[in-house]
Amino acid sequence: MPKKDQPLLLVENLTLRKDKKLLIKKACFSLSAGTINVLVGPNGAGKTSLAEAIIGYPSSHLTRTSKIFFRGKDISRLKMEERARQGIFLAFQNPFPLEGLTLEQVLLRAIRAREKSDPSYPRRSLRQLRQEIEATAAALQLDPALLRQSLHLTFSGGERKKIELLQCQILRPHLALLDEIDSGLDLAALSRAANLIRGLVEGGERTVLLISHFSPLLRQLPLDQILWLANQELKVFSDPQVLQELEKKELADGKA
Amino acid sequence: MEKRKRKKRTSGNLATALARADQFAYNYQSPPGLDTQLVDEISGAKNEPPWMRQLRQKALKIFQKQKMPPWAPSLQDLNFQNLRYYLRPLPQASLSWDEVPPALKRTFEKIGLPRAEQEILAGVKAQFDSEVIYGSLRQELAQQGVIFLSMEEGLQQYPELVQQYFARLVPPADNKMAALNTAVWSGGSFIYVPPGVKVKRPLQVYFRINSESAGQFERTLIIVDREAELHYIEGCSAPLFSRASLHAAVVEIFVHKGAKMQYTTIQNWYKNVFNLVTKRARVEEGAVMRWLDGNLGSRLTMKYPCCLLAGAGARGETLSLSWAGEGQHQDLGAKMIHLAPQTRSRIISKSVSKEGGRCSYRGLIQINPGAHQARAKVVCDALLLDSFSRSDTYPVNRINESDSIFEHEATVSQVGAEQIHYLQSRGLTAEEAESLLVSGFLEPIIKEIPLEYAVELNRLIELEMEGSVG
Numbered sequence: 112m113p114k115k116d117q118p119l120l121l122v123e124n125l126t127l128r129k130d131k132k133l134l135i136k137k138a139c140f141s142l143s144a145g146t147i148n149v150l151v152g153p154n155g156a157g158k159t160s161l162a163e164a165i166i167g168y169p170s171s172h173l174t175r176t177s178k179i180f181f182r183g184k185d186i187s188r189l190k191m192e193e194r195a196r197q198g199i200f201l202a203f204q205n206p207f208p209l210e211g212l213t214l215e216q217v218l219l220r221a222i223r224a225r226e227k228s229d230p231s232y233p234r235r236s237l238r239q240l241r242q243e244i245e246a247t248a249a250a251l252q253l254d255p256a257l258l259r260q261s262l263h264l265t266f267s268g269g270e271r272k273k274i275e276l277l278q279c280q281i282l283r284p285h286l287a288l289l290d291e292i293d294s295g296l297d298l299a300a301l302s303r304a305a306n307l308i309r310g311l312v313e314g315g316e317r318t319v320l321l322i323s324h325f326s327p328l329l330r331q332l333p334l335d336q337i338l339w340l341a342n343q344e345l346k347v348f349s350d351p352q353v354l355q356e357l358e359k360k361e362l363a364d365g366k367a
Numbered sequence: 008m009e010k011r012k013r014k015k016r017t018s019g020n021l022a023t024a025l026a027r028a029d030q031f032a033y034n035y036q037s038p039p040g041l042d043t044q045l046v047d048e049i050s051g052a053k054n055e056p057p058w059m060r061q062l063r064q065k066a067l068k069i070f071q072k073q074k075m076p077p078w079a080p081s082l083q084d085l086n087f088q089n090l091r092y093y094l095r096p097l098p099q100a101s102l103s104w105d106e107v108p109p110a111l112k113r114t115f116e117k118i119g120l121p122r123a124e125q126e127i128l129a130g131v132k133a134q135f136d137s138e139v140i141y142g143s144l145r146q147e148l149a150q151q152g153v154i155f156l157s158m159e160e161g162l163q164q165y166p167e168l169v170q171q172y173f174a175r176l177v178p179p180a181d182n183k184m185a186a187l188n189t190a191v192w193s194g195g196s197f198i199y200v201p202p203g204v205k206v207k208r209p210l211q212v213y214f215r216i217n218s219e220s221a222g223q224f225e226r227t228l229i230i231v232d233r234e235a236e237l238h239y240i241e242g243c244s245a246p247l248f249s250r251a252s253l254h255a256a257v258v259e260i261f262v263h264k265g266a267k268m269q270y271t272t273i274q275n276w277y278k279n280v281f282n283l284v285t286k287r288a289r290v291e292e293g294a295v296m297r298w299l300d301g302n303l304g305s306r307l308t309m310k311y312p313c314c315l316l317a318g319a320g321a322r323g324e325t326l327s328l329s330w331a332g333e334g335q336h337q338d339l340g341a342k343m344i345h346l347a348p349q350t351r352s353r354i355i356s357k358s359v360s361k362e363g364g365r366c367s368y369r370g371l372i373q374i375n376p377g378a379h380q381a382r383a384k385v386v387c388d389a390l391l392l393d394s395f396s397r398s399d400t401y402p403v404n405r406i407n408e409s410d411s412i413f414e415h416e417a418t419v420s421q422v423g424a425e426q427i428h429y430l431q432s433r434g435l436t437a438e439e440a441e442s443l444l445v446s447g448f449l450e451p452i453i454k455e456i457p458l459e460y461a462v463e464l465n466r467l468i469e470l471e472m473e474g475s476v477g
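Chains as they are written, first to last, in the working numbering: chain A, 112 to 367; chain B, 8 to 477.
Think of the hints as simulated: they come from the structure by calculation, not from any bench.
Heads up, none of these hints are tricks.
Partial selection, computed: residues in chain A whose CB lies under 10 Å from chain B:
| # | residue |
| --- | --- |
| 1 | G167 |
| 2 | Y168 |
| 3 | P169 |
| 4 | E192 |
| 5 | L201 |
| 6 | F203 |
| 7 | E210 |
| 8 | Q216 |
| 9 | V217 |
| 10 | A224 |
Quick reminder that beta carbons are idealized off the backbone N, C-alpha and C, glycines included.
Based on the provided sequences and hints, a complete structural model is requested.
Structure (structure tokens):
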């Protein structure tokens, strides 16, 4: 069991390359259990790549000295599915359609995989799961007909985000990496998403890392920590007020 | 006897499940090769009427003369003179499950044969090599007047009925393999469903080739009389052999006015079997025929189930599922011949190719003059699991009636790394991800298969998927 005072995620010395381009140099940060964190920075800075590196998506390359500890264990060399089974979840910015597979089919497999590797993972019956899926869909005002269609195949941008959030809710990960979960959502949908995200961290066990631009979503959430990624450098701020300054800075940099 | 060799894991997954094939004593095994004397011997052993013996001899001549069609895949590794054309395992036809020898029961269990005595099964006949050795038919069926026999028994007990229909739909000259089957046929089913009788539960048969270089030439004749209904299921699996085996079956089905028939096949021959099968149905006025054809095994399968839509409003449907792994070629399709007005046909073909396997779709839609307002639809979807596997489509359409409607859709897709990564991010291994994507692709056909077969088919597909991703 992880110790009380130890962070849920600890990243040390993370240096990341994608397509031979250096994106992040020696980043260090940690995420505590029960917190909402946000990762901001200009386009192309490597925010998505950082999230992918945490879950082990095979597109980016970490240097050998880069270390990622999750719940006290070094996961830097684990495969993506092994990290997922330990409770890391990534909501994709642009999820790829899965023709012929429904949400339920994917979720059931994912849950079975979690159950197999984590004895403390709650066991739920198919009926309970279906009820939870329906309730979450209703909370997100998601058309239930979509649940029976090929996952992401004909979904709109907003529907894709909602479906990713729904999966996060049902899978109950320890760490949810939510990549631009707010883009394509209207204001009403944003506030429903915010409700869901607040619910995720309730109880102080689960942690959220949002990747976002300076979105209205952030104003609806109690933020514990800001990560700012620009020019290969990752800066950590504990005061959410800094967001406004960063936003101004990004605007100014954009104009320069 | 040659020692059985274990093949490497990639191509031998099913073999490991099925390989330890039980050894059987045969009380009759013909020497390799085929001539008029052997044909006479087979006919004599079965105590057949002269017309059948003459038909066999005539068919043999046709087989010896006729060539395979020019488009057919190569059969050069198949030496017809090295095959044995007639085998009969010990013991002969048992009457009840208790009389079936334990070794045979174990084999049945291994291939997943549903217990014949179980309530859900209407009747089970299992063909082991060339003779039906176990058969049971529920009394209620017999009381309804349904005849469910081996082809030999059918010929003995209902010679006139058999003569009236036998080889009328697939004459020996139809193709070289049909001629061969007619000459040396052994086993298969004879089914007659009287007018108005609806057989509620599927009748099932399991076929297996169990001897090296055995040829299996079963012959099935099904007559569904007016307004009657039948679902027949044929499942095949064959254990490991070291030399090529040949399976050349002929199935003839007569679906009379207003009747409904579904013929389901799950074919899982081992990877050295040549499976060259002719299946044809004649569908009368307002009748419905459906072929559901799942092909996972064999080295080469050539099979194009055909519906002759002979009566007004007749409907034909073929759902075809094919799977080709390393060294396999599935040359499959369907034929729909519209002979009458308002006839409708639909062909849905789904194929998966991996590790260099090849799936070909070969189909014929023919709408004859006079088949007014006929409608035909073809949907062909191919899935490639890697860049060196192959899929091709050879559709032939002869549309001779201007008020008919014909649609053809075809797609080829590849399982992409992004899809696999997505599922890995949800905790599935790459193998599980690929397997799940394949089952999603095949789902529209698998859902049409009765549950116990669908479960088995899914399991077979999972076994085939094992180790396919590095």
